[in-house]
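Engineer: Read off the chains here:
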Amino acid sequence: MAISPTQRLIADSASVLQGAEAKVYKSSLGGVPVLIKHRFNKKYRHPILDGNLTKARVAGEARALIRCLRAGVSVPAIRMVDATEGVLGIEWIEGTSVRRLIPGAEPEDDEGHTSTEEEAMADYGVTIDEAMKLIGTELAKMHLADIIHGDLTTSNMMLRHPGRTGLPPRVYIIDFGLSYTSTLVEDKAVDLYVLERAFASTHPESESMFGSVLKSYEERMGKEWSAVKRRLEDVRMRGRKRSMVG
Amino acid sequence: MDSFTFDHLDAIAYYALYAPINNAASIRQRIVAAATADGPEGDREREEMNFAFIDASLITSLLHLQTGIHQAILTDSQGALRTKTVHSEILWSLNPTNNITEAIRRYGISDSTKSLLVVHIAPKSQSAEDLKAKLQRIVDGTLVPASTLAGITDWAKVKKYYKLNNDPALTATKTDEEEQHAVIDNIVTSSVAMKSVTG
Ligand SMILES: Nc1ncnc2c1ncn2[C@@H]1O[C@H](COP(=O)(O)OP(=O)(O)OP(=O)(O)O)[C@@H](O)[C@H]1O
Chain D
1 MAISPTQRLI ADSASVLQGA EAKVYKSSLG GVPVLIKHRF NKKYRHPILD
51 GNLTKARVAG EARALIRCLR AGVSVPAIRM VDATEGVLGI EWIEGTSVRR
101 LIPGAEPEDD EGHTSTEEEA MADYGVTIDE AMKLIGTELA KMHLADIIHG
151 DLTTSNMMLR HPGRTGLPPR VYIIDFGLSY TSTLVEDKAV DLYVLERAFA
201 STHPESESMF GSVLKSYEER MGKEWSAVKR RLEDVRMRGR KRSMVG
Chain W
1 MDSFTFDHLD AIAYYALYAP INNAASIRQR IVAAATADGP EGDREREEMN
51 FAFIDASLIT SLLHLQTGIH QAILTDSQGA LRTKTVHSEI LWSLNPTNNI
101 TEAIRRYGIS DSTKSLLVVH IAPKSQSAED LKAKLQRIVD GTLVPASTLA
151 GITDWAKVKK YYKLNNDPAL TATKTDEEEQ HAVIDNIVTS SVAMKSVTG
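Going down the list, the sequences are from chains D and W.
Under the UniProt record's numbering, think of the first position of the first sequence as 1, with each following residue one higher.
Under the UniProt record's numbering, think of the first position of the second sequence as 1, with each following residue one higher.
Simulated from the structure, these hints should not be mistaken for lab results.
Keep in mind it's a predicted model, so treat the numbers as computed, not measured.
Treat the hints with caution; some may be incorrect.
Stated by the list, open to error - To give an idea of the interface, some chain W residues facing chain D are shown, with a C-beta separation under 7 Å as derived from the structure:
#1 Q66
#2 S77
#3 P168
#4 S190
#5 V197
Ideal placement from N, C-alpha and C gives every residue a C-beta, glycine not left out.
I would like the entire structure built from these sequences, with the hints used as guidance.
Structural biologist: Right under this line is the structure:
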């Protein structure tokens, strides 16, 4: 069987990361750089079931991105969708993950990353504290639009490089593969708690960093903040109890 | 004529921008007539009019146009066109709803169209020469560089069709027109890219 255009696109692309569910590539469409996320078939799942599941996941991620764009949340734009092939193409962000820009991060658990060069936050035109504030604002805009990310970590946030792009520094929230919409305060609080835990486990002595995220989140949330704050305290308490028992 | 080329596709997309055009009504009549004409005469006329005629005022950037074209060609290559031809599929991909008639009415040429984008999808081996000759016969208008598109966009209409007016992304940029246009272009282009999984 002849290979499809999308398969050819992937074949000519440079691999960025091999994940458990998807393979990520850098490619180009009509000369415009794009990031291609290919959700491949799972050998152990039923082929038809798997095809439908893959389609639904691609569609789900695309929908989350367009919702964010309309809500003014900083996320990559969508460049192509081929759900049949399990492919989502998004705007290529010239930059790097926030995780790598915070000094002293624990080594990456996802071995797949190909690049390891050290980069400094200063090269990105912001201090760590400023970056945290940018993150808090984006998360608040996202939650005000009832979008739950579902997997907030410092790997799922990128800083755009101002020098290389000639554009101001900007934080992008990425990887909406687990996202969903919800108006529940509980879901928003858990979203934040997941990020707090991620900070604690990957960035030693990060309390003040997460504190800065929350501070700008609070400012942006306005009157919605107090309910989330209260619930976040509950969620933390439950987390602590669980870790004492377990 | 300009073109979009994609390394992974065997097709090339030629396009040209005319502003203003003086014979929108007669072009539209020819398209309608060609669709139903019988016999070899009909075939010849369909071949002559084998373009996507797009109202340029609804296109927010060349990337917007390129994205619609790319999705239409992908769909065609999968044998999954929702409309009759890859050219009408481009119009379908540009319109936010699933209504084909509406897509053609809004994004196609109408009697009041003042600026026109014409697109022709061809095998990469085909040159633009005979297309240019055809367009000279069809369009009475001024051929302008594609870069002038930015000044042609009817932003109010785009906002209305995409129901963008109450979106936070727009209210946040209402004091900076240039920024708002970039935001609209980003949303519209992304919507076109994901059209196949909308709804
Ligand atoms: N738009 C983008 N532009 C440039 N690089 C990106 C972009 N999106 C993601 N990346 C890079 O690719 C990596 C993987 O992207 P993403 O997290 O979306 O894929 P994933 O397969 O869901 O990853 P994971 O397995 O970590 O969940 C990111 O950590 C980031 O370094």
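Engineer: State for each hint whether it applies.
Structural biologist: Verification of the hints:
With its C-beta approaching chain D no nearer than about 5 Å, W/Q66 sits inside the 7 Å limit, and its interface hint holds. Annotation: W/S77 was flagged as interfacial toward chain D, and the flag holds, the nearest CB pair being 5 Å apart, inside 7 Å. For the restraint placing W/P168 at the interface with chain D, the shortest Cβ-Cβ distance is roughly 4 Å, inside the 7 Å limit, so the hint holds. Given hint, W/S190 at the interface with chain D, holds; its Cβ is 4 Å from that chain's nearest Cβ, closer than 7 Å.
For W/V197, the suggested interface contact is upheld, since its CB lies about 4 Å from the closest CB of chain D, less than 7 Å.
When the structure is compared with the earlier hints, no violation turns up for any of them.
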